[in-house]
Amino acid sequence: MTQSLLPFHASRLLLAGFLTGSACLCLSVPAAMAASPAKTDPMIKAAIEETAETPAPMPAAEPETVDVQQLLQSDEQQPDMTQSAAVETKSAFRVTPSLTLQERYDDNIFAENTNTNDDYVTTITPAVEIGWEGDQSHAVLNAEYRYNHYADHDDLEHHDFMIGTKGAIGINSALSIPFAASIAQTHEDYADDLTRQIAKTPIKQQTIDTKAGLKFKPGRFGLELGGQYIQDEFDDETDLAGTTQIIRSDADRETTLGFLGLDFDVSESVTLIAKGEYGTRDYDSNNYQSGSYSGPQRDSDIWNALAGFRFAPSKQLSGEFLVGYQSYDYDDVTLSDADDMIGTLRITWNATQDTTIGFLAARKMFEDDELVNAITQDSAGLSLSHALGDHWVVGADGQYALLEFEGLSREDTIYSGGLSLDYQINDNFTLGAAYEYSTRDSDTNTLEYDRNQVMLRAKGQL
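Our numbering applies: residue 17 is where the sequence shown begins, and numbers increase by one.
I should point out that these hints are in silico values taken from the structure, not numbers from a laboratory.
Restraint-style ranges between C-beta atoms, simulated for each label pair:
hint, residue 1, residue 2, range
1, Met357, Thr259, 36 to 46 Å
2, Thr460, Leu230, 39 to 49 Å
3, Gln477, Leu230, 32 to 42 Å
4, Leu361, His175, 34 to 44 Å
5, Ile193, Ala474, 36 to 46 Å
6, Ile179, Ala474, 17 to 27 Å
7, Ile199, Asp406, 31 to 41 Å
8, Gly258, Gln152, 53 to 63 Å
9, His169, Thr211, 19 to 29 Å
10, Ile193, Trp365, 32 to 42 Å
11, Phe325, Ile214, 39 to 49 Å
12, Gln152, Asn468, 43 to 53 Å
13, Thr132, Met357, 29 to 39 Å
List time: in silico SDA-like cross-link candidates among lysine to any residue, alpha-carbon distance up to 20 Å:
hint, residue 1, residue 2
14, Lys233, Ile289
15, Lys233, Leu191
16, Lys220, Thr260
17, Lys291, Glu240
18, Lys291, Tyr341
19, Lys331, Thr372
Glycine is no exception: its CB is placed at the ideal position from the N, C-alpha and C atoms.
Start from the sequences and build out the full structure, keeping to the hints where you can.
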């Protein structure tokens with residue numbers, strides 16, 4: 017144990033010096049660093065992931081920033097698993113292990129509006145990615161473990177993991193079976209608390225997500241249909257004082273969906289899209305929040321429909337625009353049904369060989385594990401990544417989200433933004449630094465906060 021803490025204290029001293037004596041470096045810091053390893057705010061993440069055709073299997077990481085560049089990639093773009101040396105072969109197989117060490121200073125670990133607490137958080141993340149691609153089939157397997165150590169708050173120490181796979185089995189050139197499956201254990205960031213119940217340890221969540229279908233595209237017209245099953249389970253915990261039980265297990269639920277998608281290639285650069293989902297969400301407890309009070313049953317029939325187009329007029333510009341409607345039809349007559357317009361706009365612009373700009377705007381409805389009421393959210397994110405020579409990459413990102421709570425006179429507004437700086441020593445080793453600022457304004461004053469986070473990170477991969 018003593019040996020494992022040596023690099024932690026060394027990095028803590030480095031970070032203290034970084035904060036006090038290297039302001040210029042701190043201000044020239046994200047895209048590759050602040051965005052990629054960081055924790056996506058679930059308010060923003062829910063709008064992004066649930067509008068994608070296939071939810072990403074990765075669990076939320078820390079801290080709460082959004083990798084806009086990664087999220088802007090269309091789900092139709094499968095990872096390139098071929099290597100240059102294997103182009104002439106019938107199949108390609110690769111294994112990419114990696115190890116990431118990150119030291120983060122957080123000036124408001126509980127996301128409070130008063131009496132804030134700061135801490136140094138050490139995160140160790142071993143991971144592996146295994147990819148395979150054949151003539152008509154492909155698959156990728158990701159596995160990741162994340163250990164989070166807090167220097168001054170031992171109770172907050174926690175472990176996360178994720179195992180996920182995604183790919184397609186090709187029957188012939190026109191017919192395939194796409195699939196995705198994942199299991200993840202994550203812990204809620206205190207900034208995501210919508211009821212200001214500060215748990216003694218971060219609330220643990222486990223999610224199992226499976227999706228499979230049949231895709232048929234003999235020519236310009238394509239058809240995809242299939243189903244998805246999601247299981248969410250939450251732990252209970254005591255509050256920070258250790259006197260009051262915080263009940264989250266009453267939000268344990270199963271979601272079963274069927275989906276249908278249609279697309280038509282108008283030209284090489286424009287594809288029309290229409291898709292929809294219909295299914296049910298069933299909560300394990302007879303009454304939602306039964307652990308704290310007898311609330312209404314939140315079982316529901318859910319559906320959404322979207323239509324729009326995907327465009328790629330050039331190698332430099334691509335994107336997707338979808339607009340539609342979503343509804344929660346609750347079984348309990350005492351709970352008002354919720355429905356609203358939804359939509360997504362994604363744009364990726366490779367402005368130059370070294371500069372990429374990404375934009376994402378979304379409107380989405382979702383259910384949180386803390387509140388009975390559904391939430392409608394408008395969100396937008398912008399990112400910039402620019403390479404300086406052969407080794408340096410600088411980035412910037414900013415996000416905005418407006419949360420409107422159905423049946424409540426409450427709105428929350430979340431802003432976040434950051435800077436990053438990466439130095440790629442070689443193909444296998446990268447050093448980076450990042451700064452992230454986030455704030456929430458809420459009609460519930462106790463939920464407002466301001467938060468600054470500074471990260472130093474090293475990543476090695478084979």
